[in-house]
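Could you build the full structure based on these sequences and the hints that come with them?
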Amino acid sequence: MRRTLVFFAAFTAIIAVSGCAATDPRDTGLEYAPQMYHSIPLDPYSQTDYFAYTKDNKHLIEPVSGTIPRGKVSYIYPYPNTNEGYEQAGKELKNPLPRTPENIAEGKKLYEYYCIHCHGEKGNGLGTIVQAGKFPQVPSYYGPQLRELPEGKMFHSITYGKNLMGSHASQLSPEERWKVIMYVQELRAKGLMEEAQSAASDTTQSKAKNTDKNQDKPGKKQ
Amino acid sequence: MKLTMRRYWIVAILGLVWAQDGKALFQANCASCHAVNRRVVGPALKGAHERWGGDEAEMVKFIQNSQAYINGNFKNSAYAKKLYEEYNKAVMTAFTALSEAEIKSILSYIKSESQAAASAAATPAGGGSGGASASAEGGSGGTGPILWILVISLGAISIALIISTMALSRILRPVEESAAPKPSTAERLWSVVSSRKFLGVVSLLVLVWLTSATVKKARSIGLHKGYQPVQPIAFSHKTHAGEYKIACQYCHIGVEKGKSATIPSTNICMNCHNYIQEGSKYGTKEIGKILASWQEGKPIEWVRIHNLPDFVYFNHAQHVKVGGIACQTCHGPVQEMEEVYQYSDLSMGWCINCHRQTKVDLTANPYYARLHDQLKEKEVTVERIGGLECSKCHY
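Chains as they are written, first to last, in our numbering: chain A, 1 to 222; chain B, 1001 to 1395.
FYI, nobody ran anything at the bench for these hints, they're computed from the structure.
Quantities reported herein were computed from a predicted structural model and do not represent experimental measurements.
Among the hints, a few may not be true.
What the hints assert, rightly or not - Derived SDA-like pairs (lysine to any residue); straight-line CA-CA distance at most 20 Å:
(1) K190(A) to Y1367(B)
(2) K1089(B) to L164(A)
(3) K134(A) to I1290(B)
(4) K122(A) to A132(A)
(5) K1216(B) to R26(A)
(6) K134(A) to G120(A)
(7) K134(A) to A1234(B)
(8) K1216(B) to L30(A)
(9) K1321(B) to I1290(B)
(10) K108(A) to H1252(B)
(11) K108(A) to C1248(B)
(12) K134(A) to E1113(B)
(13) K1197(B) to F8(A)
(14) K1023(B) to I129(A)
(15) K1075(B) to E1113(B)
As the list claims (entries may be wrong) - Here are some chain B residues pointing at chain A (derived, C-beta under 10 Å):
(16) L1199
(17) V1201
(18) S1220
(19) S1260
(20) S1265
Note that the Cβ used here is the ideal one computed from N, Cα and C, for glycine as well.
Set out below in structure tokens:
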């Protein structure tokens, strides 16, 4: 009886120990038939030593200049990244998409992916990284600087970037940019309305809101 | 020296209340392009008063409409024009909306800040803020418990062996006692060790060990759960996705659009890190690698963690956009991971199990209307709409 118990204990212990091999998280582990795991044609982001796309051995490459990828015709943007281009875009560029609840909802989703951590949930420029003190405060959509920003200038800024904001053209397609702009306009209207309401409610605190001749941010040449 | 210091303090205290108001205005209107102590988009504002000859009236004019000031014929127009040229003709916003009093309160904030910076620079830097916070957090915490398990089970084995040796020696003793001279301890031990019973037990145990280890190792072939390679940059998902709540999609832009979730190219890092150039943990060491990649135009060579075999097709958009599955379902709590590891085993059984259990939302997709009529007697799982077909994944 005691012997069976002893043997049983030894078996369990041995099985437990045998399972403890190969737990190094840096170890890639074993692969059966690796040629079935790694394709011969290159997958996205695969890195090889025996073949490189470019002379300087880069695998992440920019499109050939002067070419348009299939299905990316809408990426053509005529206004140059200059002060003049910015002004011109502000005057001429209009949103081609209809203002539907679906587009605005999609814009909200995209805003939460790509804008919210700087511009904030309400568009007041107090996003999470601003509140953490990591990034300087960005202008509010309904503050004096951006209160009257035309949509063309918004599109231009998303495409090329503006001041500290980098270009988001690689993250948002032109259609997505317009959807985001629709949602930004919603936020701005909401912010202006709330501001007007609070100004109306406490007229005693008459800090002139300067609703007259405000200017948006003129351009910056890169 | 003492006198000037005192004067500074008086100015600072007098200006404090006003400067606080100025700080809020500065944050809301100026901070996106200017900082007091460093060049951002526009110049550092430290010592701006000296550069403008202390003439606040002129500064107010410039701030209210910089372009008019540059092109006009004011006291400092030449200097303003030079600045404009120096900063690549970046136009400073015209702040017509700010009143003169508001601008002056901003200016007094800038003044008090630059004085604070100057006096901080004058006092000898106390101690220095410790060189590169050392302690690279010891080995990954996972090895500790495993070591203990090893030690304990080895101990258990040796105890079991000792007990079984004793039991066996007791069994064998009567046979030995028949021999006339009492054998020495070494002889007795040898006779136990060389006995067939003992050897049988030991070889049985070794066999069990080998079988068990082989089975376990064989089962782990091709599965890389827990794989956590060293990345070229000590990027923390915990900081970015957890603390600052940046959406996964901000960097992994392809996740709703195509097969790959995509690894961000350096320009996406630079959207924030053109300003944030010093990290809280590693200082400029790690972020410096991003800047170097950006300046040299060389992609960062991240190490791939998740890799499905070539004979399996997996599409992120299909699962995230259509299926509405959260990233964490498969990738685990990435927002809590300082260093990312493979959370799921990505085995076929793991895929199949999810397809067996996941219910399809039939109301949101008209494609399923017809299928629905055929299937609605029973619960509709992914399996029932072809989720287990071989060619769904293998083609």
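Hints versus structure:
no.: 1; hint: K190(A) to Y1367(B); result: 38 Å, violated
no.: 2; hint: K1089(B) to L164(A); result: 15 Å, holds
no.: 3; hint: K134(A) to I1290(B); result: 17 Å, holds
no.: 4; hint: K122(A) to A132(A); result: 17 Å, holds
no.: 5; hint: K1216(B) to R26(A); result: 19 Å, holds
no.: 6; hint: K134(A) to G120(A); result: 14 Å, holds
no.: 7; hint: K134(A) to A1234(B); result: 18 Å, holds
no.: 8; hint: K1216(B) to L30(A); result: 12 Å, holds
no.: 9; hint: K1321(B) to I1290(B); result: 30 Å, violated
no.: 10; hint: K108(A) to H1252(B); result: 18 Å, holds
no.: 11; hint: K108(A) to C1248(B); result: 16 Å, holds
no.: 12; hint: K134(A) to E1113(B); result: 19 Å, holds
no.: 13; hint: K1197(B) to F8(A); result: 16 Å, holds
no.: 14; hint: K1023(B) to I129(A); result: 19 Å, holds
no.: 15; hint: K1075(B) to E1113(B); result: 25 Å, violated
no.: 16; hint: L1199; result: 15 Å, violated
no.: 17; hint: V1201; result: 7 Å, holds
no.: 18; hint: S1220; result: 6 Å, holds
no.: 19; hint: S1260; result: 5 Å, holds
no.: 20; hint: S1265; result: 6 Å, holds
Hint violations for this structure: numbers 1, 9, 15 and 16, all remaining hints satisfied.
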